[in-house]
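Q: Spelled out, the chains give:
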Amino acid sequence: MKTGGQASVIFFAALALAGLTVAVHPKKPSFPNRASDPGEISLQEVQNWNEPVLWVDARPESDYEVEHVPGAVSLNPDNWSEQLPHFLDGWRPAKKAVVYCSAASCETSREIADRLRRSGVDPVYYLKGGWEAWKATR
Amino acid sequence: MTEDTISSLINPPPRMLGWVALALRVVLAGLFVLAGALKLLDPAAFALEINRYQLIPWWSCALLALLLPWLEILVGIALLTRWFSRGALAWVTALLIVFSLALLSATLRGLNIDCGCFGRVWQSTGTFWPLLRNLLLLGMTVFLWWKPRRH
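Sequence lines, in order, name chains Y and S. My numbering applies: residue 1 is where the first sequence begins, and numbers increase by one. My numbering applies: residue 1001 is where the second sequence begins, and numbers increase by one.
Simulated from the structure, these hints should not be mistaken for lab results. Treat the hints with care, since some could be wrong.
[Claimed, not checked] Distance windows between CB atoms, simulated: (1) 1142(S) <-> 94(Y): 49 to 57 Å; (2) 45(Y) <-> 1142(S): 44 to 52 Å; (3) 1098(S) <-> 60(Y): 29 to 37 Å; (4) 44(Y) <-> 1020(S): 54 to 62 Å; (5) 45(Y) <-> 1128(S): 32 to 40 Å; (6) 1016(S) <-> 88(Y): 54 to 62 Å; (7) 1037(S) <-> 2(Y): 43 to 51 Å; (8) 1060(S) <-> 27(Y): 13 to 21 Å; (9) 1056(S) <-> 2(Y): 36 to 44 Å; (10) 5(Y) <-> 1015(S): 28 to 36 Å; (11) 1023(S) <-> 89(Y): 48 to 56 Å; (12) 1030(S) <-> 81(Y): 34 to 42 Å; (13) 1139(S) <-> 103(Y): 15 to 23 Å; (14) 44(Y) <-> 1023(S): 32 to 40 Å.
[What the hints assert, rightly or not] Over 10 Å on every C-beta distance to chain Y, these chain S residues come out as not near it, computed from the model: (15) 1015; (16) 1018; (17) 1037; (18) 1071; (19) 1097; (20) 1101; (21) 1107; (22) 1111; (23) 1117; (24) 1132; (25) 1133; (26) 1139.
[Stated by the list, open to error] Sample of chain S residues facing chain Y (criterion: CB under 10 Å; computed from the structure): (27) 1047; (28) 1058; (29) 1074; (30) 1084.
We put the CB at the ideal spot given by N, CA and C, even for glycine.
Generate coordinates for the entire structure from the input sequences, incorporating the hints supplied.
A: Structure representation (structure tokens):
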């Protein structure tokens, strides 16, 4: 069989197995809606907590200085080493921390949340929609 | 270094080339089977990894998260067993090119994301080193295309 024919057989075999996976796999992805990332949280859920939250602004410091969520601390990949001790001073175990970056498309909040988790901060979440989601409700 | 040694390095005997091809084939097959199996543990999480590249709509991320792991496992097995091995090598080459372009695009856009190459079990932040690794693997496939039938 020629190369193209062999490649087609492999593709259709993989397609059939993918179909089987949809039928039986407990962790299959949902097609219509994007699943929530573990650790991702919406602004509405944060507001429903009705408890103080430690906000973490993962945007560049220049954006933080213009405007930020009241009480938020600036913690981003550039100032991580110098700001982390200040952040830990204000954090108490079991106090929920929520990290946000500019918009839904940015990844920095997730990265900072991962770093904080590895530094022992738990629970820590990152805000779905980021700063734009916050601004939209003001 | 004697003249014979230099000559054997420039024109290695076919037997040696065959062993090199076999070794590369085993490495590529092993990596593809491992990558596919790890992704298959949690396709939903893998779909999110693909989504972070911000290149394709969600429904196609979900479809790829189901299809790619099996494709990787099957081409790995085919490379190892030499069953449809040219078709498998074609897939390996195509997948490595597509993965490399996606990684290059993420690197150029400054996205700080997990490569997603081995699902969520084996994570590594950043796209630059995975891109270099992919280019090395592509080099291996070029060798296998050049020396396909010896071993």
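Q: Hints first: check each against the structure and report whether it holds.
A: Against the structure, the hints:
For residue 1142(S) and residue 94(Y), the hinted distance range of 49 to 57 Å is satisfied, since their beta carbons lie about 55 Å from each other. Distance hint for residue 45(Y) and residue 1142(S): a CB-CB separation of about 50 Å, consistent with the stated range 44 to 52 Å. At about 32 Å, the CB distance of residue 1098(S) to residue 60(Y) agrees with the hint of 29 to 37 Å. For the hinted restraint 54 to 62 Å between residue 44(Y) and residue 1020(S), the CB-CB distance of approximately 59 Å keeps it satisfied.
For the pair residue 45(Y) and residue 1128(S), the supplied restraint of 32 to 40 Å holds, since their beta-carbon distance comes to about 35 Å. For the pair residue 1016(S) and residue 88(Y), the beta carbons lie near 58 Å from each other, so the given range of 54 to 62 Å is met. For residue 1037(S) paired with residue 2(Y), a C-beta distance near 29 Å fails the hint of 43 to 51 Å. Taken as a hint, the range 13 to 21 Å holds for the pair residue 1060(S) and residue 27(Y), whose Cβ atoms sit roughly 19 Å apart.
Under the hint 36 to 44 Å, the C-beta atoms of residue 1056(S) and residue 2(Y), about 30 Å apart, miss the expected range. Judged by the Cβ atoms, the range 28 to 36 Å given for residue 5(Y) and residue 1015(S) holds: they are separated by roughly 31 Å. About 54 Å separates the C-beta atoms of residue 1023(S) and residue 89(Y), a value consistent with the hinted range of 48 to 56 Å. Between residue 1030(S) and residue 81(Y) the CB atoms are about 38 Å apart, so this pair conforms to the stated range of 34 to 42 Å.
Against the hinted window of 15 to 23 Å, the Cβ-Cβ separation of residue 1139(S) and residue 103(Y) comes to about 38 Å, which falls outside the hint. Under the hint 32 to 40 Å, the C-beta atoms of residue 44(Y) and residue 1023(S), about 55 Å apart, miss the expected range. For residue 1015(S), the non-interface assignment is confirmed: its Cβ lies about 26 Å from the closest Cβ of chain Y, beyond the 10 Å cut-off. No beta-carbon of chain Y comes within 10 Å of the beta-carbon of residue 1018(S); the shortest separation is about 21 Å.
No beta-carbon of chain Y is positioned within 10 Å of the beta-carbon of residue 1037(S); the least distance is around 12 Å. Not every CB of chain Y lies more than 10 Å from the CB of residue 1071(S), the least distance being 4 Å, so the non-interface label is violated. Every CB of chain Y is more than 10 Å from the CB of residue 1097(S) (nearest about 14 Å), matching its label as outside the interface. Listed as a non-interface residue, residue 1101(S) keeps its Cβ farther than 10 Å from every Cβ of chain Y; the least gap is roughly 19 Å.
Against the 10 Å criterion, residue 1107(S) stays outside the reach of chain Y, whose nearest CB is about 13 Å from its own CB. Not every beta carbon of chain Y lies more than 10 Å from that of residue 1111(S), the smallest distance being close to 6 Å; the non-interface claim is violated. With a minimum CB-CB distance of about 17 Å to chain Y, residue 1117(S) clears the 10 Å threshold, and the non-interface call stands. No Cβ of chain Y approaches the Cβ of residue 1132(S) within 10 Å, the least distance being about 21 Å, so the stated non-interface status holds.
No beta-carbon of chain Y comes within 10 Å of the beta-carbon of residue 1133(S); the shortest separation is about 21 Å. Residue 1139(S), annotated as away from the interface, keeps every beta carbon of chain Y farther than 10 Å; the closest lies near 20 Å. Using the Cβ-Cβ criterion of 10 Å, the hint placing residue 1047(S) at the interface with chain Y is satisfied: the shortest such distance is roughly 4 Å. Hint status for residue 1058(S): holds, given a least beta-carbon distance of 5 Å to chain Y, under 10 Å.
The interface hint given for residue 1074(S) is met, as the beta carbon of that residue sits about 5 Å from the closest beta carbon of chain Y, less than 10 Å. Look at residue 1084(S): its Cβ gets to within about 4 Å of chain Y, closer than 10 Å, so that hint holds up.
Comparing the model with each numbered hint stated earlier shows that hints 7, 9, 13, 14, 18, 22 do not hold.
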